[in-house]
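**Student:** For chain Z, the structure is supplied; the task is to place chain E on it using the hints.
Going line by line, the protein sequences match chains Z and E. Using my numbering, read the first sequence as starting at 17 and increasing by one per residue. Using my numbering, read the second sequence as starting at 60 and increasing by one per residue.
Just so you know, these hints were derived from the structure itself, not from any lab. Ideal Cβ positions, reconstructed from N, Cα and C, are used throughout, including at glycine. Some hints could be false.
[Said to hold, decoys possible] Label pairs and their calculated CB-CB ranges:
1) Z:323 <-> E:362: 44 to 50 Å
2) Z:122 <-> E:97: 57 to 63 Å
3) Z:164 <-> E:135: 54 to 60 Å
4) E:97 <-> Z:30: 49 to 55 Å
5) E:193 <-> Z:126: 43 to 49 Å
[Stated by the list, open to error] Quick look at which bits of chain Z chain E covers, simulated, 3 or more residues with Cβ under 8 Å:
6) 299 to 308
7) 318 to 329
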Amino acid sequence: MLLRFLLRRALAAIPVVVGVTLITFLLMHSAAGSYVPGLSLNPNLTPKDVEQLRSELGLDQPIYVQYLDWIGVAWIMQKVGLAGVLVGAHGITPGLLQGSFGHSMVDGTAVGGQIFERLPNTILLTLSAILLGVLLSIPLGVMGALRRGSNLDHFFSFLSIAGVAIPQFWLGLMLILIFSVKFHDWGLPFLPSSGTTTPFTGGDLLDRLAHLVLPALVLSFFYLAIWSRYTRSSMLEVLSQDYVRTARAKGMSERRVTYLHGLRNAVIPLVTLVGLELPGLVSGALVVEAVFSWPGIGLLAFQRALAYDYTMVLGIVTFAAVLVVLGNLVSDLLYAAVDPRIRLQ
Amino acid sequence: MIGQGAAGEFELPEAAAEGRARRPAQSFWSASWEELRENRIGMVAGVFILVLAVIAISAPLLAQLVTHYQPTRQDLDSQFQPPDARHLLGADETGRDTLTRLIYGAQISLGVGFLAVALQLVVGGGVGLLAGYYGRWVDELLMRFVDMVLAIPAIFLFILMSILFRPNALTLSVIIASVGWGVVARLVRGEVLSVKNRDFVLATRSIGAGDARLILRHLLPNVLPVIVVAASLGVGAVILVEAALDFLGLGIHPPTPSWGNMLSHAETYYHHSPYLVIFPGVMIFLTVLAANIFGNAVRDAFDPRLR
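Next comes chain Z alone, as it looks inside the complex:
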C-alpha cells in the first residue's frame, strides 16, 4: 500500500521535474544567453577571444544541445552511438542524470561541491528557526485557546497578524540595529550581525550560537505567527469535541484532558504545516541569508545569479525544486503517520 503510493507519486513527479529543468534552463538562457552581457564590449578581448571563451563554455552549441548536455541525455546518446544527431555538439560531459551538476562558469568549481558545502549552513539556520517556531508557537497557541478572549489572547492574535505583515528583511535590519549596533554603542554585550563565525578568533560553539540567534529568530517569527494561530484554532475545535466532553464527564482532570486529548489531536494540522515548510528548507531563507550575510545556498544562488553563473544557478534551482517535490511527498507521509484517519490512496 505504502509502496504503491510512493511509487505512483514518484512516477507523477518525473514530468514535473523535467518541466522544471526546462523552464529554469530556458529562463537562464534568455537571461544570460551570451554569458556576460558586457563580454564583447571588453576592450582587452578581441572578437576571436570572445568566440573562444564561448566555445570553451559550450555556449556556441545549439540551445537544445546545451540543454541535453546539461541534463545528461547527450552523454547517454553519445554512449549509444547517437552523437550524430547532436549537430554542432562538442565536449559533452556527464550531466544531471549521471549525478553531475557541472562546473561553475565563473570560477570552474564543481556546482555539486559548492551546493553541499553551503547546504549545512542553510539547513542549520532553517531547522533552528523551525524548531524555535514549534517550541514557541505550541505553548502560545494553547494558552490563547485556554484563555480565549482574554487580553493575553488578543495580544497573541495581534502578534500573529503582525508576524505575517512584517517584512522579514526589515525585521532583520531592525534587530541588527538594536542588538548589534545600539547594544554595542551602549556598551552592552551585543550580537554579531553577519556570517556564521567571527573571523580569525571565533568558531567555538558559543560564537556559532551567537551568530545563529538573530537570523534564526527572524525566520522563526514568521513560522510563529502562522503556527500559533493554527494551534489555537485547532485546539479550540478539539476541545469542543464530544470525546473531550466524555473525558471530562468521566472525571478526568482538566490537565489530562487538555494535554492528552486536546493537544495531541490539535497538533495534527500543525504537523502538516511544518511539513509544508520542508520544501522551503533550501530557498526559504534566501532573504534572511542576504541580510545577515549567512553563507547558505540562497545567498550563493543570489550572488551567482547576479554574476550570470549559468550552471551554478541552474544547479541550485533544480536541486531546490527536486527538494520541493520530495518535501511534498514527505509531508503527505507525515500527515498520514500522525493521523490514522487519513488513508493513503
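**Tutor:** For chain E alone, kept in the frame of chain Z given last:
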C-alpha cells in the same frame, strides 16, 4: 410547525407578508457587502489603504505643495539630516527628503500590489476555469504546468526574471504575477469542479447555451467569491515580495524611490541615522497589515465556505 408556534404565526399573516414585501430577498453580494461594512476593524484597514492610494496618486501635488521637495532632488547641505521642520522625516545620504520619497514609494508598492494581483486573477482565473470546465487533457496539461511553476521556489524565479528584464513597476508586476497565478488557478479549478456538476449547469446546457456562455455567464459568477477572497488576501503578500526584491536590488532601481530600495543601503545608516532604516519599514509593515486585515474581513464576509 406544530403547536403554539403555528398558532402564533396565524395571528399575523398580514404583517409577515408586508415585511416580506418591504425587504426583498437579498443577493449574495449585497448581503456580503453589508456584513463587510459591519466589520469595524476591517473597514478602518480598508480606509487606510484607500487614503494611502489617494496620497500615492496625488504624490506630485503633495511634493509641490506640502513637502516642497522632489523625490530625486539631491541636496548635499542636508545629507543625513535628522527629522526637523525642513525635512519632516529627515533626509538620506544624498540629502533627498525622506517624506517625499515615502510618498512616491507608495505609488510603487500599491501600484505593483494591485496590478500584480489583477494579473494573477485574470490569468489564474482563466486557466482555472478552462481546466475545471473542460477537464481531461486540457485539465491535465494546464495543471501539470501549474505544478511545474509552483515546484520552482518562487524567489529563484523572481531572481532569474529580474535579471532578464531589469524591471520597472510594470514588468515587476508581471514577474510577481507569473508565479502567483498558479495558486489562483488551483483554487478556481477546484471551485469549478464542485460547481459544474450541479443541476443548473445541466439545465443551462440543455436549453442550448454554448461553452463560452456557460463559462462566462454561469460558472464565473459562481466562482467569483473565491476570486474576490484570493484578491483581497493577495495584495499584502505581493507588497511584501515586491519590497524584498527592491531591497535585494532585483526590483525597482534607484533613483526611483520605493520602500524596499530605500532600505538597500541600511548598513550605512545604522550609526548616524537609524530613522532612515525605521520609516520605510514601518510604511511597508502598516500597509501590509492593513491589506491583510481588510483581506481577512473580505474573506469573512464573502467566502461562501465560511457561511
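**Student:** Determine which of the earlier numbered hints do not hold for this structure and return their numbers in increasing order.
**Tutor:** Hints that this structure does not satisfy do not exist here, as all of them hold.
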